[in-house]
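**Student:** Spelled out from the first residue to the last, the chains are:
Number of protein chains: 2
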Amino acid sequence: MCAAVTTELVIALDAMGGDRGPDTVVPAAVSVLESDARARLVLVGLPEVLEEARKAHGGRFGDRLGFQAAAEVVAMSESPREALRRKKDSSMRVALDMIKAGDAAACVSAGNTGALMATAKFVLKTLPGIDRPAILAPVPSLSGQTFMLDLGANVGCDADNLLQFACMGSVVAADLGGLASPRVGLLNVGEEDIKGNDTVREASRMIAASGLNYIGFVEGNTIFSGEVDVVVTDGFTGNVALKTMEGVAQLIARYMREEFSRSGLRRLQGLAAMPAINALKHRLDPRGYNGASLVGLNGIVVKSHGSADSLAFANAVHVALEEARKGVPVHITRMLESQKVTCIPA
Amino acid sequence: MCAAVTTELVIALDAMGGDRGPDTVVPAAVSVLESDARARLVLVGLPEVLEEARKAHGGRFGDRLGFQAAAEVVAMSESPREALRRKKDSSMRVALDMIKAGDAAACVSAGNTGALMATAKFVLKTLPGIDRPAILAPVPSLSGQTFMLDLGANVGCDADNLLQFACMGSVVAADLGGLASPRVGLLNVGEEDIKGNDTVREASRMIAASGLNYIGFVEGNTIFSGEVDVVVTDGFTGNVALKTMEGVAQLIARYMREEFSRSGLRRLQGLAAMPAINALKHRLDPRGYNGASLVGLNGIVVKSHGSADSLAFANAVHVALEEARKGVPVHITRMLESQKVTCIPA
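Order-wise, the sequence lines are chains Y and P. Residues in the first sequence are numbered consecutively from 83, following the numbering used here. Residues in the second sequence are numbered consecutively from 83, following the numbering used here.
It is worth saying that the hints were derived from the structure and are not from the lab. One or more hints might be untrue.
Copies of the same chain look alike in the list, so a pair counts if it fits in one copy or across any two.
Mimicking SDA-like on lysine to any residue, the simulated pairs with C-alpha atoms at most 20 angstroms apart in a straight line are [said to hold, decoys possible]:
| # | residue 1 | residue 2 |
| --- | --- | --- |
| 1 | 170 | 367 |
| 2 | 277 | 164 |
| 3 | 137 | 170 |
| 4 | 277 | 161 |
| 5 | 363 | 158 |
| 6 | 363 | 335 |
| 7 | 277 | 240 |
| 8 | 363 | 343 |
| 9 | 277 | 388 |
| 10 | 277 | 214 |
| 11 | 277 | 157 |
| 12 | 277 | 159 |
| 13 | 277 | 163 |
| 14 | 363 | 345 |
| 15 | 363 | 328 |
| 16 | 277 | 331 |
| 17 | 207 | 346 |
| 18 | 277 | 162 |
| 19 | 207 | 171 |
| 20 | 277 | 200 |
| 21 | 363 | 348 |
| 22 | 277 | 158 |
| 23 | 277 | 298 |
| 24 | 170 | 290 |
| 25 | 363 | 340 |
| 26 | 277 | 160 |
| 27 | 363 | 336 |
Start from the sequences and build out the full structure, keeping to the hints where you can.
**Tutor:** So this is what it looks like as structure tokens:
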């Protein structure tokens, strides 16, 4: 039994965030509105940006595309504390305020991650039973995808935090991944009970007793093996693992380009292999995985990669729409309240 | 000015360790003796194993191939403490005892990592100025290779440990990588000084003051970017990063196989692209990186992967030979004593 679902859910888009701001966000919004007839989006940004977007696209989507003015922009390099204190009318802040006021179900931003998390915590507060929100994202695996958290919000975590992450990850894997009983693993340096430090051993006992579908400790390679659906770790380890993943994929892509351009013959071979190589690229395309959820907040906040293009940003908007339609925050609260782990996907 | 180098350095090989024991180690030893005329190896194992190896290869290499009997074998699943307490005549222990007795300069084992580290610490002790040994290995990067440590010996590390790892990594990168002034980075969740936890921030200040060629915090993707030669981290994070790396490479290899076998046409395309794909495989072949060094001990100990084949094990033996010829432990001691960071490669 899941949350009430309405087709009238509004998603607020921070039009100013990311490396290219509105040049990415506005085309992404148009593409989402074209592909999802039920989607309702509000662009939040500087008046001149909104004016331009309104002129270009205002007529096409009726009240499915709204506009909300903000007076300033949080810079990508700005300290989270400064952004929170001084930029009370930033596009990011106004988008989050819309959730608090009930005018939006979710917000998507490609802006400064630290500022987004700090401002979201301040404006929305955490859900009952959640001490700290976490950053969650799917990564590719042999069985489809693995939901990983925390990817960098909390550099140090205690066993309670890790248990809460396990619950939140399980809800998202059920709601977004359509899994009846997601397999949860705790990242460690070995699979045996004696491995790791006191915190992971204590967290392991707690998650095992929680009723979640806990499969125990998993190692770094298991993230991708298809044996686990949710991988729980602290934000330090999770961030390093995520960036390591990106680095290895880039290294292999670079090696491939080098090998297929070593000679005229190799270039021909590369041309012959192009369909398979393009299919491989498509499967590993990080744009298909863009959209990290800030879970544990009293509202839905999705972070797009700062360098995302409009295709990638649109993917993040779809993540926000899906979380809003399924009611992820309500499901997290219910799971924590009931101490039950099985969330029936809506 | 580096350590006295002799061509008479002996490497003790634990013939019983790893998934296939002597079936891997003996052919690897033969291949090293064939390819390196100065190499002197001693096989350490059960008498019947030695007898068979002696019959097959004893005559060919004269006193360049020796045999040392041991009465028992440490199992791959055995607890390190039990192995240390009860298996005092194991092939692993006897090989380490040979270093202590001055009969070998180094030992290579594909056995139980925990038991090898615990026994090596007990038998050899740590170098002066080193509180804890670490596991170090090279990983591929855009500029060749990056030396990473700790890869799993110490799940929790303080700032002093990390500084010592930085020194040891720098010595190995100079001696094995031939670098005059290796660039050292400390793994963190961001590059700014304020990122991370107290331990990494304190370690960063200490390494910056050490005189090493410290480039500051690096993120997971930088391990492979060619911008850093030595990446320092605690054993928890390092182990997760290493396994994540393996997992991503396996995932991509699997995706490639799938894409090149999707149809008859795709198979033909794969055939056409085979030279480039094989070259790519060769560059990423983990066997070329086999041989993790247990650094910080009063002696040279190299761990081969348990599932290594003889080509991979031979690579680990070459790592041990190189460390012995360069005198890595002496260089580490000198660097710590002198507080100087520039180790001139021998």
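**Student:** Confirm or reject each hint.
**Tutor:** Against the structure, the hints:
1. Proximity of residue 170 to residue 367 under the C-alpha cut-off of 20 angstroms is found in neither arrangement, the shortest distances being 36 angstroms within a copy and 53 angstroms between copies.
2. In this assembly of identical chains, residue 277 and residue 164 lie within 20 angstroms of each other by CA distance solely across copies; the values are 16 angstroms between and 41 angstroms within a copy.
3. Taking CA atoms no more than 20 angstroms apart as the test, residue 137 paired with residue 170 passes in neither setting, with 27 angstroms inside one copy and 82 angstroms between copies.
4. For the homomeric pair residue 277 and residue 161, the shortest alpha-carbon distance between copies (11 angstroms) is at most 20 angstroms, but the shortest distance inside one copy (37 angstroms) is not.
5. Taking the shortest alpha-carbon separations for residue 363 and residue 158, neither the intra-copy value of 29 angstroms nor the inter-copy value of 39 angstroms comes in at or below 20 angstroms.
6. In this assembly of identical chains, residue 363 and residue 335 lie within 20 angstroms of each other by CA distance both inside one copy and across copies; the values are 9 angstroms within and 12 angstroms between.
7. Proximity of residue 277 and residue 240 under a CA criterion of 20 angstroms is satisfied in both settings, with 17 angstroms inside one chain copy and 19 angstroms between copies.
8. Within a single copy, residue 363 and residue 343 get their C-alpha atoms as close as 17 angstroms, and across copies as close as 16 angstroms, so both meet the 20 angstroms cut-off.
9. For a Cα distance limit of 20 angstroms, the shortest separation of residue 277 from residue 388 across copies, 18 angstroms, qualifies, whereas the shortest one inside one copy, 36 angstroms, does not.
10. Proximity of residue 277 to residue 214 under the C-alpha cut-off of 20 angstroms is restricted to the inter-copy arrangement: shortest distance 18 angstroms between copies versus 25 angstroms within a copy.
11. In the homo-oligomer, the alpha carbons of residue 277 and residue 157 lie at most 20 angstroms apart only across protomers (18 angstroms), although the nearest pairing inside one protomer, at 42 angstroms, exceeds that limit.
12. Proximity of residue 277 to residue 159 under the C-alpha cut-off of 20 angstroms is restricted to the inter-copy arrangement: shortest distance 13 angstroms between copies versus 38 angstroms within a copy.
13. Taking the closest pair of Cα atoms, residue 277 and residue 163 come within 20 angstroms of each other only across two copies (14 angstroms); inside a single copy the shortest separation is 37 angstroms, beyond that limit.
14. For a Cα distance limit of 20 angstroms, the shortest separation of residue 363 from residue 345 across copies, 18 angstroms, qualifies, whereas the shortest one inside one copy, 22 angstroms, does not.
15. Taking the shortest alpha-carbon separations for residue 363 and residue 328, both the intra-copy value of 13 angstroms and the inter-copy value of 19 angstroms come in at or below 20 angstroms.
16. For the homomeric pair residue 277 and residue 331, neither the shortest alpha-carbon distance inside one copy (29 angstroms) nor that between copies (25 angstroms) is at most 20 angstroms.
17. Proximity of residue 207 to residue 346 under the C-alpha cut-off of 20 angstroms is found in neither arrangement, the shortest distances being 59 angstroms within a copy and 56 angstroms between copies.
18. Taking the shortest alpha-carbon separations for residue 277 and residue 162, only the inter-copy value of 12 angstroms comes in at or below 20 angstroms, while the best intra-copy value is 36 angstroms.
19. In this assembly of identical chains, the alpha carbons of residue 207 and residue 171 lie at most 20 angstroms apart only when taken from the same copy (19 angstroms versus 61 angstroms across copies).
20. Taking identical chains as interchangeable, the C-alpha atoms of residue 277 and residue 200 lie at most 20 angstroms apart only when they sit on different chains, with a minimum of 15 angstroms there against 34 angstroms within one chain.
21. Within a single copy, residue 363 and residue 348 get their C-alpha atoms as close as 19 angstroms, and across copies as close as 15 angstroms, so both meet the 20 angstroms cut-off.
22. In this assembly of identical chains, residue 277 and residue 158 lie within 20 angstroms of each other by CA distance solely across copies; the values are 15 angstroms between and 39 angstroms within a copy.
23. Proximity of residue 277 to residue 298 under the C-alpha cut-off of 20 angstroms is restricted to the intra-copy arrangement: shortest distance 11 angstroms within a copy versus 30 angstroms between copies.
24. In the homo-oligomer, the alpha carbons of residue 170 and residue 290 never lie at most 20 angstroms apart, since the shortest distance is 43 angstroms inside one protomer and 38 angstroms across protomers.
25. Taking the closest pair of Cα atoms, residue 363 and residue 340 come within 20 angstroms of each other both inside a single copy (16 angstroms) and across two copies (13 angstroms).
26. For a Cα distance limit of 20 angstroms, the shortest separation of residue 277 from residue 160 across copies, 14 angstroms, qualifies, whereas the shortest one inside one copy, 39 angstroms, does not.
27. Proximity of residue 363 to residue 336 under the C-alpha cut-off of 20 angstroms is found in both arrangements, the shortest distances being 12 angstroms within a copy and 13 angstroms between copies.
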